[in-house]
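Peer 1: Sequence:
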Amino acid sequence: YLRETQKGRPEHMNEIVSYHIGDFMFLDGATRTHLELLRTMRRQSVKGSLFQILDRTVTPMGSRLLRKWIVYPLIDPGRIRERLAAVSCFRETPLLRETAREALKGVYDLERLNGRISLGRANARDLLALKSSIRKLPVIRNALADSASTLLGETASRMDLLEDVAELVEAAIREDPPVSVREGGIIRDGYDPELDRLISLSRDGKGWIADFAASEQERTGIPKLKVGFNRVFGYYIEISKANLHRVPPDYIRKQTLVNGERYITESLKKAEEQVLGAEEKRVKLEFEIFDRIRRKIAGENRRIRRTAELVSRIDALQGLAETAEMNNYCRPEITEDIRIDIVDGRHPVIEQTVKDEAFVPNDIHLDSEAQQVLIITGPNMAGKSTILRQTALSVLMAQMGSFVPASRAVIGVADRIFTRVGASDDLARGRSTFMVEMNETANILRHATPRSLVILDEIGRGTSTYDGLSIAWAVAEALHDRDGRGVRTLFATHYHELTELVATHRRVKNFNIAVREWKDRIIFLRKIVPGGTSRSYGIQVARIAGLPGDVIRRAKEILDHLERTEVDAAGAPRLARNFRENTADTAVQLGLFGPRDQRLREWIKDLDIASMTPLEALVELNRLKEYVQGEG
38 YLRETQKGRP EHMNEIVSYH IGDFMFLDGA TRTHLELLRT MRRQSVKGSL FQILDRTVTP
98 MGSRLLRKWI VYPLIDPGRI RERLAAVSCF RETPLLRETA REALKGVYDL ERLNGRISLG
158 RANARDLLAL KSSIRKLPVI RNALADSAST LLGETASRMD LLEDVAELVE AAIREDPPVS
218 VREGGIIRDG YDPELDRLIS LSRDGKGWIA DFAASEQERT GIPKLKVGFN RVFGYYIEIS
278 KANLHRVPPD YIRKQTLVNG ERYITESLKK AEEQVLGAEE KRVKLEFEIF DRIRRKIAGE
338 NRRIRRTAEL VSRIDALQGL AETAEMNNYC RPEITEDIRI DIVDGRHPVI EQTVKDEAFV
398 PNDIHLDSEA QQVLIITGPN MAGKSTILRQ TALSVLMAQM GSFVPASRAV IGVADRIFTR
458 VGASDDLARG RSTFMVEMNE TANILRHATP RSLVILDEIG RGTSTYDGLS IAWAVAEALH
518 DRDGRGVRTL FATHYHELTE LVATHRRVKN FNIAVREWKD RIIFLRKIVP GGTSRSYGIQ
578 VARIAGLPGD VIRRAKEILD HLERTEVDAA GAPRLARNFR ENTADTAVQL GLFGPRDQRL
638 REWIKDLDIA SMTPLEALVE LNRLKEYVQG EG
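For the sequence shown, the numbering used here puts the final residue at 669, and the numbers step up evenly by one.
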């Protein structure tokens, strides 16, 4: 296939490496997009992606390897620990890391250079770049030779220094060659005797022509007589109109110009043949010598490729160490159980891009016994999505061999990470937002295993409230009961009824994002705390977003009416009440106050007295009176 589709034989592609899907964490396209691993969702920009935060590599090939590690995290605990140990070695030894970084700054893109050389497209400057890169290899190998990391020590011991390749380039190629390989000026003096002879002949001939111009000026008495050259006539003598009366009879006219005439002589043409013949032969021979050297180096492409792989590995590892040091990451503990325990976890991207406020860290704990499915409630903008994503990113970072943004992390290896975060229409395929959401959810339910990590951010928003709640409830149950063992799941939702799952499913736990109310406003604390919440604070968020005051007041009136007609005696939505009545063994928690007293308390508490006019206050008081009379 490569030979049929490429212009030349891809000699540098001389090895097929098998890819075993079972060696890596599986990340589907939706997950890679939702977690913004390589590009952001909205702008399709590298800036703001996980890759941009982690990339502290020095070489292009190290950067490419890091991209590969991000989208292909490991699942073998031994290999993960091996990478982490190498990153730890670089981080704990700043001198080693700095030595490696300085040496890597002098290393060009060996993989691309190797490809151009093998395909016969490299010029002399490419060979010099290869030589310059090779000269840095001993520094890198010597620095890592006594490393405490097994992986770094093994990498150093396997590194081929390619000294013979560097010596060949050093002996043959000039230090300042032109870009083109067919104009000469590439091969060093003394490398090839025949080339040296032709260079001398060409140089001597050009010297004769310079002397010829001076002697003709003296013989003819024309001080401005010039000897020039072009590819049409070769060498010529140019004389201005003012001096045409002085032209000797042995000059042969070749071209008439606006300001003068061009001539040749027999002696000039003989010298031209000698000079141009030698020059043409020199350029041809020089290219042949260069091509021979290039093909000889191409024969070593396997050695160069293997060395490039080792150098890129060193670069990726030191880059992760540099990032860990700069961003204060911790080394995760990798286990073979399914526990995830993250203390003071942070979002690696958001904490770096949002500098105007301190990032609030959060703890997350998941296990297979008591806390496997977390139902997370809270208002919009509180930070639910951030906590979900940062948990998934921490697991992914740990399994690619990176330190993680936390003060402590224990990661039970995940075979897959699934995300259902946000949605948009797929108009090209005729799929609505809800259809896209359901397709992604179906994929999760088909393929999630007890070792997977599932991130769900709002299931069922694209349909009616009851349909959406029913689907969300059923999905949560399915993940809890999967294979009798369940799946590690973080489920953010606005359906507060889902918090009732704790009554019938022992591994479900409720959490909410804490907020503080102050003067009918809310302050986002960004902290995840145990327990559910029964309020969405949607109207308060709408006020923050800038909705007009009359719209906010009208929304509150409508909300009050809906809540009075849609809650039961315990203050819960009638849907949840009806569901409980049809579900066995479900406990109902009694309120501290009676329904009438509780309702009045909530109503009065929600009154925005500060923004009311006297007339609005009287109207509200009359409504309260009518409510009390109606209840009586």
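None of these hints come from the bench; they were simulated from the model. Quick caveat: nothing in here was measured; it's all calculated off a predicted structure. Among these hints, one or two may not hold up.
As the list claims (entries may be wrong) - EDC-like, lysine to aspartate or glutamate: derived pairs with alpha carbons at most 20 angstroms apart:
#1 LYS321 to ASP404
#2 LYS321 to GLU220
#3 LYS243 to GLU309
Peer 1: For LYS321 and ASP404, compute the direct alpha-carbon distance and say whether it is at most 20 angstroms.
Peer 2: It is violated: about 73 angstroms lies between the C-alpha atoms, which goes past 20 angstroms.
Peer 1: Next pair to validate is LYS321 with GLU220; report whether the Cα-Cα distance is within 20 angstroms.
Peer 2: Holds - the C-alpha atoms of GLU220 and LYS321 are around 9 angstroms apart, at most 20 angstroms.
Peer 1: Does the alpha-carbon distance linking LYS243 and GLU309 stay inside the 20 angstroms limit?
Peer 2: Holds - the C-alpha atoms of GLU309 and LYS243 are around 9 angstroms apart, at most 20 angstroms.
Hint 1 from the earlier list is the only one contradicted by this structure; the remaining hints agree with it.
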